[in-house]
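*Asks:* Since chain Z is already given, all that's left is putting chain F on it; use the hints.
Residues per chain, in single letters:
Protein chains: 2
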Amino acid sequence: MKILVDVMGGDNAPSAHIEASVKAVSELDVDIVLIGDENVIKSELSKYGDYRADRISIVHAPEVISNHEEPVKAVKRKKDASVVVAAHMLKNGEGDAMLSMGNTGALLTAALLIVGRIKGIQRPALGAILPTAKGPKLLIDAGANTNCKPENLVQFAMMGDVYMRNIYNIDSPAVGLVSNGEEEGKGDDLTKKTHTRMKDMPFNFIGNIEGRDIMEGNSDVMVCDGFVGNVILKTIEGMGHMIGDMIKDMFSQTIRTKLGALFVMNSIKDFKKKMDYREYGGAPLLGCRRPVIKGHGSSDALAVYCAIKQAKMFVATDVIDGISKKLAACDLTKGAEEDNV
Amino acid sequence: MKILVDVMGGDNAPSAHIEASVKAVSELDVDIVLIGDENVIKSELSKYGDYRADRISIVHAPEVISNHEEPVKAVKRKKDASVVVAAHMLKNGEGDAMLSMGNTGALLTAALLIVGRIKGIQRPALGAILPTAKGPKLLIDAGANTNCKPENLVQFAMMGDVYMRNIYNIDSPAVGLVSNGEEEGKGDDLTKKTHTRMKDMPFNFIGNIEGRDIMEGNSDVMVCDGFVGNVILKTIEGMGHMIGDMIKDMFSQTIRTKLGALFVMNSIKDFKKKMDYREYGGAPLLGCRRPVIKGHGSSDALAVYCAIKQAKMFVATDVIDGISKKLAACDLTKGAEEDNV
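Order-wise, the sequence lines are chains Z and F.
One point on numbering: in this note's numbering, the residue at position 142 of the first sequence is 142, and numbering is uninterrupted.
One point on numbering: in this note's numbering, the residue at position 303 of the second sequence is 303, and numbering is uninterrupted.
Looking at chain Z on its own, in the form it has when it is part of the complex (with noise of 0.2 Å):
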């Protein structure tokens, strides 16, 4: 199996992405193809003697984009950008998944214009894991989409009951509708109508759900638009780091708390492991053709690694064969005129 991994992209790049692939085939049983400055990569990877020359390949794409760029016009005009390579190595067949931490808007273009879609997703979406207090969840779409439709929030959902499935073995995911209210009848239109057509699909439909359930973790599946998705993600993100602030003023006051967290470090440790992003990989973007995974901006050579590890499942449990066979199974047509929000 073979990886893509664009080492351009993100605060850490290239080292963290370097680091982490090293890692990764001596471990993981893959081969890493690393898209970028060529020269870049060479000094990197001389820091490494032994790593597994033989698994790593490196495939020249000297050019960047950036976070400030307007990312449509970039992926046009900038061809030999490691992202549009990448691209159309997996499109391709010359690897079987893509990996990068640069501007997400350039990513999500270069998956829907060059790798394409899965035939009859209408609109891909990005799916976030959450540390949840029952362990990691799906929120879908986490930002891909500003202005969905009730059809769209019905495929995320779909797509997301696969992808839990198969990469964390649940039988039957639970979906949940974000929502303002659990009753059926809360909701924004498109809430409405998405909740009216989710209760004939074949997937475990649990209602509405509202913003405190989130990191309770009972639903394996959130849906929600790319808006409130995005919004939701990036709330939790700087409450964390509100709190984990608090934590440590707390903690560094005076000689007795410092005297305090000496006796606690351990667990201090294992809270902030709970709630490590890392561990989980990066945000999947389900609904395209090939597996391609948006890792964080801010990755660093674990959270690189774990979105390598995480890149292995999404091919080796065939996460876009189930979701073809899943859309096949289910009859979107039905309540379909009643889409316009």
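Hints are computed from structural coordinates only; laboratory data are not their basis.
A hint or two may mislead.
Treat identical chains as interchangeable: a pair holds within one or across any two.
Claimed, not checked - Pairs of lysine-lysine residues, derived as DSS-like cross-links and limited to a Cα-Cα distance of at most 27 Å, are as follows: (1) Lys192 to Lys73; (2) Lys79 to Lys248; (3) Lys78 to Lys186; (4) Lys134 to Lys248; (5) Lys2 to Lys76; (6) Lys76 to Lys192; (7) Lys73 to Lys186; (8) Lys79 to Lys186; (9) Lys258 to Lys134; (10) Lys274 to Lys258.
None of these values were measured; they are calculated from a predicted model.
*Replies:* Positioned in the frame of chain Z, the structure of chain F alone reads:
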């Protein structure tokens, strides 16, 4: 000044409400009308031998609207429900502000149908006070309106500006628009159109803010539609609970960690106090002709007391007159033709 307190709604009704009212009349220089079942109220009051009976009066309103009732129907049918009686009294000038911890929908309905809107305000909105890293900030709309137009959001911003000026003495409150990216081009149709309109308004619009900015507290007023606001508010609540539980677990694992807890006890108390929503009072409903406050359903006596204090400020600083004047200063017709989202 006379505050109308609906004592029949909320998890701790009526005891918390009456305890808070007894305290408020002795400390805050306000009169209070307790609205609910007279016998229940009298029996509760009898527990306080020495309260300022001259400042407390009772209005008998025996009916209750539970959390499971359909708000509009319930408000129209139950003429003797405490929230309905309170709203009529507020409208008729028999009180200066009203406070309810009960069914949110019923309170919103009573406020809209009975108290009425400020002339020119299309939709009153709920403001939630969030305990951010930079102190209390206002999220508006926190749940009153699920399907909004740009003009609604512009009015929410305007009302939030007045509230934060008056209640928190902020000279020129920074107004942020919640979106899925900081750049002007980011957002769904609603936020994009709202962004354009906000630039011309007489308040300090600082542009789009993201979910991660919410708890950082760089905006005094954070504007969104009520669907998104409800999801944000409840996500924050849920995450707060989860982390609170985790911290409790962290300290109660072993004798060693319990010992550690003793060392940081004071810091934990400070931390809890900072995150304590009770201190901030309830959620003001902005845009009605008279001051209406929604207290949290789980309010205890401290929370109700703080909400009474807040109601007093709401009246004393004349927020409603401020909103009318601000509205007169805004040319809301500009760009209104593009309001169809």
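*Asks:* Sort out which numbered hints this structure fails and list those numbers smallest first.
*Replies:* 2
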